[in-house]
Amino acid sequence: MNRSISRPSLPALEHKAKWLSLLLLAISLHVFEAALPSLGPWFKPGLANVVTLLALIILGPSAAAMLAIWRVIVGSFLIGTLFTPTFIISLAGGVAAAAAMITAWRLLPGITLIGVSLIGALTHMTVQFITVESLFIHQQALYYLLPPLLLLSLLTGWINGGLAAYIVSRTEDSD
Amino acid sequence: MLLLISLAAILYAWQWIHYEVSAGPAMIEIYHDKVLLAQYPFPQPGRNILFDAEGALGISKIFIDSKGVHFSSSPCTTQYCVLNGHHSESGDIIACVPNRILVTIKGSRINSGHYDAIVE
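Note that the protein sequences, when read in sequence, are chains Z and L.
In case it helps, this note's numbering puts the first sequence at residues -2 to 172.
In case it helps, this note's numbering puts the second sequence at residues 386 to 505.
Take these hints with a grain of salt, some might be off.
Quick list of simulated restraints, FRET-style, between CB atoms [stated by the list, open to error]:
id : chain 1 : residue 1 : chain 2 : residue 2 : range
1  : Z       : P34       : L       : P460      : 18 to 24 Å
2  : L       : I390      : Z       : H12       : 33 to 39 Å
3  : L       : H471      : Z       : S131      : 37 to 43 Å
Not close to chain Z: a few residues of chain L, all C-beta gaps over 10 Å, as computed [stated by the list, open to error]:
id : residue
4  : R432
5  : I434
6  : F436
7  : E439
8  : S458
9  : T463
10 : A480
11 : S493
Please keep in mind that the hints were generated in silico from the structure rather than gathered at the bench.
All values derive from a computational prediction rather than experimental measurement.
All C-beta atoms in this analysis are idealised placements derived from N, C-alpha and C, irrespective of residue type, glycine included.
With the hints as constraints, model all of the structure from the sequences given.
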């Protein structure tokens, strides 16, 4: 009996390999950030968002969205916070940031990577607060903390966007 | 451009929130979810208070003295609330998300004894 085995094309395999490489990098950064000393309540530099941004530019929107979801799931499993409030807050922030970056990249012509990263960082922080307020604390007083943390997000979003732009330019040079 | 617009909006929101929070005498409020568990005038001159706040996981111990307020212990695993340290400024908050406890400082210290009198 003849059975034809369908093999994935080389470009499809390359796409998967790149996605997995970026996912591993994002998970490593997620774990690394969890091990960093606290820079303040609920504040992290958001280095893993750089990888989501790279996935968006290199592999496209759906790959970036899936990467954001799997990064939080596997990263939280490794640091022991899976299905805890920390996981839910991370997942909500990560997915919302990815969705905002994808939307900005597709709908705003001429936007730079720094602009996309700024939108992602601000969305990430805001959605984290909304998640905490609506699911866990139920006190609007929480939002007192939001403006100073948004200012820090602007800074990290700008740095992360610059980092992503540099990596993309080096990748294009080497191609 | 996006950076400047965001910066201006955030600074305006911060200023507005600070103005709203600073109204009235300074009080420390301790919440579990929507329930106000305790409310103390701040600062507490020469008096220390250790409040047991019953949360979703157990009891968070909250210590108030003349210098400020802090979580002295918490049943959560992350201990971010304890590591957060002392807070003493109007608008400061400390939250223990796993135990669902929130501590806020509202109002201005000027109105509650930080100065003996205000003379014009």
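To see whether the hints hold, each was checked on the structure:
no.	hint	result
1	P34(Z) - P460(L): 18 to 24 Å	holds, 23 Å
2	I390(L) - H12(Z): 33 to 39 Å	holds, 36 Å
3	H471(L) - S131(Z): 37 to 43 Å	violated, 29 Å
4	R432	holds, 24 Å
5	I434	holds, 20 Å
6	F436	holds, 17 Å
7	E439	holds, 15 Å
8	S458	holds, 17 Å
9	T463	violated, 7 Å
10	A480	violated, 6 Å
11	S493	holds, 14 Å
Checked against the numbered hints above, the structure violates hints 3, 9, 10; every other hint is satisfied.
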